[in-house]
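Participant: If you want the building blocks of each chain, they are given just below.
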Amino acid sequence: MENWPLTEPVLLILLSLAAQPRHGYSILKDVERMSSGRVVLSTGTLYGALRRLLEDDWIERFEEKERARGRQAYRLTPQGRRSLQVEVDRMKHLTRLATLRVAPGDR
Amino acid sequence: MLTVYRRLLRLYPLSHREVFGDEMLAVYCELHAENKDRKLIPRTLFFAREMAGLVNGALLEHLKALLGVDARLSLSTRRFAMRNGFRFPKSTAVLMMIILAGIALAIEKARVIQASYSNGNAPVVPLEAAHFTFFPTVALLLVIFYALGLAGWGILFALRRSGVHRLDDISISRK
Chain A
1 MENWPLTEPV LLILLSLAAQ PRHGYSILKD VERMSSGRVV LSTGTLYGAL RRLLEDDWIE
61 RFEEKERARG RQAYRLTPQG RRSLQVEVDR MKHLTRLATL RVAPGDR
Chain B
1 MLTVYRRLLR LYPLSHREVF GDEMLAVYCE LHAENKDRKL IPRTLFFARE MAGLVNGALL
61 EHLKALLGVD ARLSLSTRRF AMRNGFRFPK STAVLMMIIL AGIALAIEKA RVIQASYSNG
121 NAPVVPLEAA HFTFFPTVAL LLVIFYALGL AGWGILFALR RSGVHRLDDI SISRK
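Here the protein sequences line up with chains A and B, keeping their order.
With this note's numbering applied, the first sequence corresponds to residues 1 to 107, in that order.
With this note's numbering applied, the second sequence corresponds to residues 1 to 175, in that order.
Hints may be right or wrong, so weigh each one.
[Said to hold, decoys possible] Take a look, some chain A residues computed to stay more than 12 Å from chain B by CB distance:
hint, residue
1, 15
2, 18
3, 21
4, 24
5, 29
6, 41
7, 46
8, 49
9, 57
10, 79
11, 81
12, 89
13, 90
14, 94
15, 96
16, 97
[Unchecked claim] EDC-like cross-link-like pairs, simulated, lysine to aspartate or glutamate; straight-line CA separation at most 16 Å:
hint, chain 1, residue 1, chain 2, residue 2
17, B, 64, A, 56
18, B, 64, A, 55
19, A, 29, B, 30
20, A, 29, B, 18
Hints listed in this document are in silico derivations from the structure and should not be mistaken for laboratory results.
Think of the CB as a built atom: it goes at the ideal place given N, C-alpha and C, for glycine as much as any other residue.
Same shape as in the complex, but just chain B (with noise of 0.2 Å):
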């Protein structure tokens, strides 16, 4: 977790993390040994407030450091509020923990690669094998995406958040 916690800290800009990177980090230390003895669900809404909060906040970072634009904070903790007469569900939470920890994999992936290369005894591949498996990667990338888009929509439809039951309150017959 602290190495999840480490990694997405990168995520900020340079300026921000020069000031509150340690400090940033020591705070979730002690929240994270706090946390360590507590049953799982607390523990992994603990976990995904806290990752949800970092990609947001570094987000808000850089648009104050490329734009100039200073969101105010405007987020309310227990759901994420877009505006005030719709609140993502806490599956959102969950739905993006679990897009986190894919990231997380696959810079792990990545670094064993980047690591097995620089042993200087990886295999030499034909540069046209890429050609044989970029396409079929980028197919079945859009077919999980897909999935997940699919598996999204449901939890929103069964929460009656998907926007088709509110089409369906709407009468159109005009008296």
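Here chain A stands alone, though its shape is the one from the complex (with noise of 0.2 Å):
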């Protein structure tokens, strides 16, 4: 898949929208809240991923109904949900990798 590897923003996109459906504003808080403030997402950057990632049918779009004016929200896709899955499988596996390879008594 021309996706991979994910980057740091796009994997916390998707990371933020697995827990939970989230507007915009709701997933910048939460990327930045998740990365402890490394990653600061400018609306630019955001949009654009989104537009990205709905394209490749990863998330879609739906109109929140708890607000009294409908703003639009994100969800994960099953097909992004299982893309998602696979980094998350990738990243363990160059871990668990690194962990072996760079014993602590190494030096």
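With the hints in hand, could you dock these two chains into one complex?
Facilitator: This is the structure:
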């Protein structure tokens, strides 16, 4: 797949949506919180990524019903969830490999 | 700030604006309200990040619309990454902001001039006058851009990122 490996901002956006559907502002804040303030997305960067994820059918857009004036929110599609799982498995494999190769007593 | 954001949003292709324009503006308004009471430096950084993100995003969307090239998200957020071995210094954001402010000012000036012409009371200027002002203006712009370039290089040099320091480190003697 041409999207591999996922960049950190995209991975964080997907992780943010994995927990629950969110709207744009909420995604920005959650990404910042998850990365302890290291990744701070601009709205331009966020909506560029959302547009691509929508086109790839990894996420879908829907109107929030809780608010009087509906606003758009995003959630993972089954395909997006599968892709995220594949990426997480890839990272787990890398971490295991790194743990084996870079043993604490090597120095 | 909101006006500048709205204007820069127009840089995006219409198709993108129709789908995401209002939403982006709404999210920016929330962020703007949140940052309003912060100190000058965090507020400036927020503004620079947003404007740089918009310009970069608009460029990528146009590339996608024109050439079908869909550049994947590769921006680091604290600094603007070019490739692994090189990163633009934070001063780039400040320089970009100055340039953006210049663009916004020019747009505003153009609007005022256009408005004065539409009133129908604009003075009639002989065509020859344009010849006298055009070349000095171009020369002045060249001098300004040259000075800006020198200032930018000076900053890079001071931050040891101009490449000169790396050249100094290269040993030309072969053993």
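Participant: Kindly indicate which numbered hints from before are broken by the structure, ordering the numbers from low to high.
Facilitator: 4, 5, 6, 7, 8 and 20
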